[in-house]
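Kindly generate the complete structure, drawing on both the sequences and the hints.
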Amino acid sequence: DTAVSQTPKYLVTQMGNDKSIKCEQNLGHDTMYWYKQDSKKFLKIMFSYNNKELIINETVPNRFSPKSPDKAHLNLHINSLELGDSAVYFCASSEAYYGYTFGSGTRLTVV
Amino acid sequence: DQQVKQNSPSLSVQEGRISILNCDYTNSMFDYFLWYKKYPAEGPTFLISISSIKDKNEDGRFTVFLNKSAKHLSLHIVPSQPGDSAVYFCAASGGSQGNLIFGKGTKLSVKP
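Residue numbers (our numbering), protein chains in the order written: chain X, 37 to 147; chain C, 10 to 121.
To be clear, the hints were calculated from the coordinates, so they are not data collected in a lab.
All figures in this text were calculated on a predicted structure; none of them were measured in a lab.
We put the CB at the ideal spot given by N, CA and C, even for glycine.
Misleading hints may appear alongside valid ones.
[Unchecked claim] Here are some of the chain C residues that sit facing chain X, going by a computed Cβ distance under 7 Å: (1) E51; (2) G52; (3) P53; (4) N108; (5) F111; (6) K113; (7) G114.
[What the hints assert, rightly or not] Listed below are the simulated DSS-like cross-link pairs for lysine-lysine, each with C-alpha atoms no more than 30 Å apart in a straight line: (8) X:K72 <-> C:K77; (9) X:K45 <-> X:K103; (10) C:K63 <-> X:K80; (11) X:K76 <-> C:K77; (12) C:K14 <-> X:K45; (13) C:K65 <-> X:K80.
Put into structure tokens, the structure is as follows:
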């Protein structure tokens, strides 16, 4: 039973499309995150939600919009996809800032 | 501006020998440090951590050392095994950073 699950695992789409990545955690954690691992391999925080409330919103284009319908889910919607959005996106959850559990990632390729 | 730096992108070690992965940080407000391990096509998994009040933490074959004055930490794996081959990320948190800041990762290859 996967603790943090993301879907889809792979996503190939054309420029200009809108797509969503879903994330669910069954750990009962209060905080969920989206991280982006780009071609330079950095894992960078994008968003953090605590109990459905946005607490961190790093400098990302406003084409990226997180949605948390409940504390077990944090979805990422991306509008007007660009080539530079190609990356691996990781969802994570934690009870405290040091106990992160990551999903297996979604590899997004924009063509 | 990289607050957490892993300057070695890769490291190759013979099975049974020691692997030493290094990490430097710039933010003196960091008070908690972690190492994550990542296999291909999987998410990072927590390996070991250390609080800034300690200078060493050991868990089986894995030991993390923290040198606060040098803003440096290292992960030692003894003895190294082929299954340890993965990318290792150093991460830090604390101060105004409510989230984990990751380094770029070091790819460890342990050869039989």
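We went through each hint and held it up to the structure:
Annotation: interface hint on E51 (chain C) holds; nearest CB of chain X at approximately 5 Å, less than 7 Å. Because the beta carbon of G52 (chain C) sits about 3 Å from the nearest beta carbon in chain X, less than 7 Å, this interface hint is met. The closest approach between the C-beta of P53 (chain C) and any C-beta of chain X is roughly 5 Å, which is under the 7 Å cut-off, so the hint is satisfied. Interface hint at N108 (chain C): satisfied, since its Cβ lies 5 Å from the closest Cβ of chain X, which is below the 7 Å cut-off.
At its closest, the beta carbon of F111 (chain C) sits 4 Å from a beta carbon of chain X; the interface hint therefore holds under the 7 Å criterion. Because the smallest distance between the Cβ of K113 (chain C) and any Cβ of chain X comes to about 5 Å, under 7 Å, the interface hint for this residue holds. At its closest, the beta carbon of G114 (chain C) sits 5 Å from a beta carbon of chain X; the interface hint therefore holds under the 7 Å criterion. In summary, the hint linking K72 (chain X) to K77 (chain C) is supported, as the alpha carbons are separated by about 28 Å, within the 30 Å threshold.
For the hint pairing K45 (chain X) with K103 (chain X), the CA-to-CA distance comes to about 19 Å; that is within 30 Å, so the pair holds. Of the supplied pair hints, the one linking K63 (chain C) and K80 (chain X) holds, its CA atoms being roughly 27 Å apart against a limit of 30 Å. Of the pairs offered as hints, the one joining K76 (chain X) and K77 (chain C) holds, with about 27 Å between alpha carbons and a cut-off of 30 Å not exceeded. Taking the CA atoms of K14 (chain C) and K45 (chain X), the gap is about 28 Å. The hint holds against a cut of 30 Å.
In summary, the hint linking K65 (chain C) to K80 (chain X) is supported, as the alpha carbons are separated by about 27 Å, within the 30 Å threshold.
Checked against the numbered hints given earlier, the structure satisfies every one of them.
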